[in-house]
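K.L.:
Sequence:
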Amino acid sequence: VFFETMEESLQDLQFIDERDWKKFLRILERTKRQKKSVLVRVHDEKQLVHAIEKSHCKYILGSEKVHHKDSVHYVRSGLDLGILRTAKRRGKTICFSFCDFTKESKINLAGRLLARMKQSMALCRKEKVDVEVRCFCGSSKCEHDPKQIKSFERVVCKR
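Per the working numbering, the very first residue in the sequence shown carries number 173; after that it's consecutive.
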């Protein structure tokens, strides 16, 4: 199954959104002792690699925002085949947030984010890594229509 439905609801997940490296490691260690399912929003490549290779978290979010600028000739999605092979072997799920896309105020930034999501999705499809596309607002009630999220999923997954 390429698209898994998330077993846990968003309330059951421990959400980690920390930029500071030492605090990030401390929070990961604390959640490991609590034996909770963890959703990690990564902010740089160091966090992305650590979350996939060395941590117990199951869900990785925000990989498309790891690189601040694209290269002149290609889009930098944040994921590569080596990282995705490790993610597949360790049972990680790569998540894409509809809310991240809708929060972009400038149209060129939203277009860049969409291109990065599409590239990451193509790489995940190639390596058969589990992918989750949904609204990760942080609030318990999502204000987006489920039809909007489904159509966004179709756009991102388009070959």
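Worth flagging that the hints you see were computed from the coordinates, not collected in a lab. A portion of the hints provided could be inaccurate.
[Claimed, not checked] Estimated spans, in silico, between C-beta atoms of each pair:
| id | residue 1 | residue 2 | range |
| --- | --- | --- | --- |
| 1 | E225 | K298 | 25 to 33 Å |
| 2 | K194 | E315 | 28 to 36 Å |
| 3 | K260 | S209 | 31 to 39 Å |
| 4 | R326 | R198 | 37 to 45 Å |
| 5 | A282 | H228 | 29 to 37 Å |
Think of the CB as a built atom: it goes at the ideal place given N, C-alpha and C, for glycine as much as any other residue.
K.L.:
Please go over all the hints and tell whether each is borne out by the structure.
P.N.:
Consistency of the hints with the structure:
Checked against the hint of 25 to 33 Å, the pair E225 and K298 fails, with Cβ atoms roughly 19 Å apart. Evaluation of the 28 to 36 Å hint for K194 and E315 yields a pass: the beta carbon distance comes to about 35 Å. The supplied range of 31 to 39 Å is broken by K260 and S209, whose beta-carbon atoms lie about 18 Å from each other. Taken as a hint, the range 37 to 45 Å holds for the pair R326 and R198, whose Cβ atoms sit roughly 39 Å apart.
The hinted window of 29 to 37 Å between A282 and H228 holds, with their beta carbons roughly 33 Å apart.
The structure fails hints 1, 3 (numbered hints given earlier, in ascending order).
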